Amino acid sequence: MKKTYQLDTLTCPSCTMKLEGMLKKTEGVEEFEVFFNTSKIKLEFDETKIDSETIKNKINRLGFEVLKEK
Amino acid sequence: MPKITKKQKMIVGTVLVVISFILKETLSYAPITIVFMLATTLVAGVSIFKNAFEALKYKILGIDALVSIAVIGALFIGEYWEGAAVTYLFMIGDYLESRTIEKTRSSIKALLNLAPDIARVIRDGEEVLVDPEDVLKGETIIVKPGEKISVDGTVIEGSAYVNQAAITGESLPINAFGDREVFSGTILESGYLKIRADKVGDDTTFARILEMVEEAQDKKAKTQKFLEKFSRYYTPGIIVLAILLYVFTRDLVLSLTLLVIACPGALVISTPVSIVAGIGNGAKHGVLIKGGEIMEKLGQVKVLAFDKTGTLTIGKPVVTEVVSITADENEILRIAAIGESYSEHPIGRAIINHAKMTLGEIKGELKDASIITGQGIKADIEGEIYLLGNRKLFIENGYDLSEVEDILQREENKGQTAILIGLNMKIMGIIAIADKVRDDAKVLIKNLRNLGIKKIVMLTGDNKRVAKAISEELGIDEFYAELLPEDKVRVILQLQEEFGKAAMVGDGVNDAPALASAELGIAIGGAGKDVAMETADVVLMSEDLSKLSHAIGLSRGTVRNMKQNIYFAIGVAVLLLMGVLVKTVNLSFGMLVHEMSVLLVIINAVRLLNYGEKTKSRA
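Protein chains in written order, with the working numbering: chain L, 1 to 70; chain E, 1 to 619.
Please note: incorrect hints may appear among the correct ones.
[What the hints assert, rightly or not] With the C-beta cut set under 7 Å, the calculated list includes, among others, these residues of chain E facing chain L:
hint: 1; residue: ALA55
hint: 2; residue: TYR58
hint: 3; residue: SER98
hint: 4; residue: THR100
hint: 5; residue: ILE101
hint: 6; residue: GLU126
hint: 7; residue: ASP203
hint: 8; residue: THR249
hint: 9; residue: VAL276
Derived by calculation from the structure, the hints in this document are not laboratory data. Quick caveat, the model's predicted, so the values are computed rather than measured. Note that the Cβ used here is the ideal one computed from N, Cα and C, for glycine as well.
Kindly generate the complete structure, drawing on both the sequences and the hints.
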């Protein structure tokens, strides 16, 4: 499944590094891209392994709010 | 858990830090003072600690880790005020940064807001309002004053003034009527239009521009990639350094201060903020620059190669002169127009259009015609056999051209194509045709030189004499004539080898391969031309050539802005480091300066958003 999350403003490029590090280690997330300037995450995940809520929680725990998803 | 907004946290934090400060000044370090200082640290610091901890789980040491260690250390040695001040400053800095960073991204947001939100479509003979995404190809939509056009389409009825700023960055409205192409996202200012939807939803030019601009912002510049790699090793490096410093000096405060001032915040943000502001400015002016790396390249370009037809010239040949020899001008035109009546050649169309304009309806009939490729036409009109075409045609048919040779050469030296009309071995007249040079081309070449472009060349498939005339008129350094599309590729590669960074400028019609193979391809008049929009690295939406100087000036400005930011960030870091080593900079002051430097870097980038506003009124 493909999803795009709109986060609240990412202010430091190291935030994207954190998100990338987390996504890389999250099982079920197959492909992802973190956009610093648009503060967006585009990703593809395996629905049998993980759901959107879990991913959003993980993002949240790193200190980023998910404003919208698509 | 109840949600506490950033703003609420800020207010509470500010109140606490002020109380702590007053208590510190009046009561000094009484227990109550320490309680308030700890409370401040907690309110401002919790999210920093949490973020640092979470990131650590994924083996990432970020700025918040540095700050966390410093704060915990400060509390450990009883520097409660320092701990409170540092966390508070970090929080407020972060808040202000996100607000100002938003600003650098504002032009792109503004663009997003231009997206059409509703479409008035005719279904079963009735007007219904639907989501623009739901309009089907081929359906008819109606647009009224003040409304946005919601599809890319062709006007089938009505006439209107349309503001195309969303696409071309041009604020003067254009007049749209029968058969004209109109774009989604543009606004109908006055009038009324019925439009056939040719492209809808994500296929529209506007939707594609949005997507490309969005992607472009995150295509990193080389400098940016380098800085990110750098900071990846830098942060752990600083921690090691701080530990070493402690081991050797036994001065915990000193090593904690080092942790805080060494945050690479300003440095890593320096490039992306400049780039995003630059790309945003471009988007606002109808200049699509596809990413940071391209912005950097464009900013360093030294050589520009222009395609002639459609780029420096309008691309539509017109009749510029009719020279009468044995027949009068009207007769020459009439015969030529009849002779060309089946021709699809642009030159034929030019003659017919001109004849219709000067003569009105063309009387006469073409009985028979044979086309001689590369030469012209033999036409049977009213029982006479006329010849229409170039020198070659007439020489092969035994005509004597010595009398008109002067005229032919004169026209060709002016950059015109000369078409002869003859009957019974006599030349009746000559029609001169030219693809007009764009009005703004000359100014453009001059502006480009002022911007520091060292060499400007022209590539064309036309003959040498025409190429020479045009390049002399415009003040172009060099021209390459009689080129086939694949030759253009060869020339551009050769230029790159010889002079370094070269950009190819074309309209994407017959120069798409050259645009694609150039290190930097710039397409003009990109709106509505899919191939050009895809292949080029920089797309100028409108045909307005002044946008090219804007694009180049902007990219140079962006590169300059980026450099200012980098030098400034490094300068501040060095000064702070020296300050720490001679012990004039303490923990909270170091934090303050660091946060200020980040803000200044962002504010410097915001300036780019206004690039070109002043020059615009002059142009």
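So which hints don't hold here, by number, going up? Checked against the structure, the hints that fail are numbers 4, 6, 7 and 8, while the rest are satisfied.
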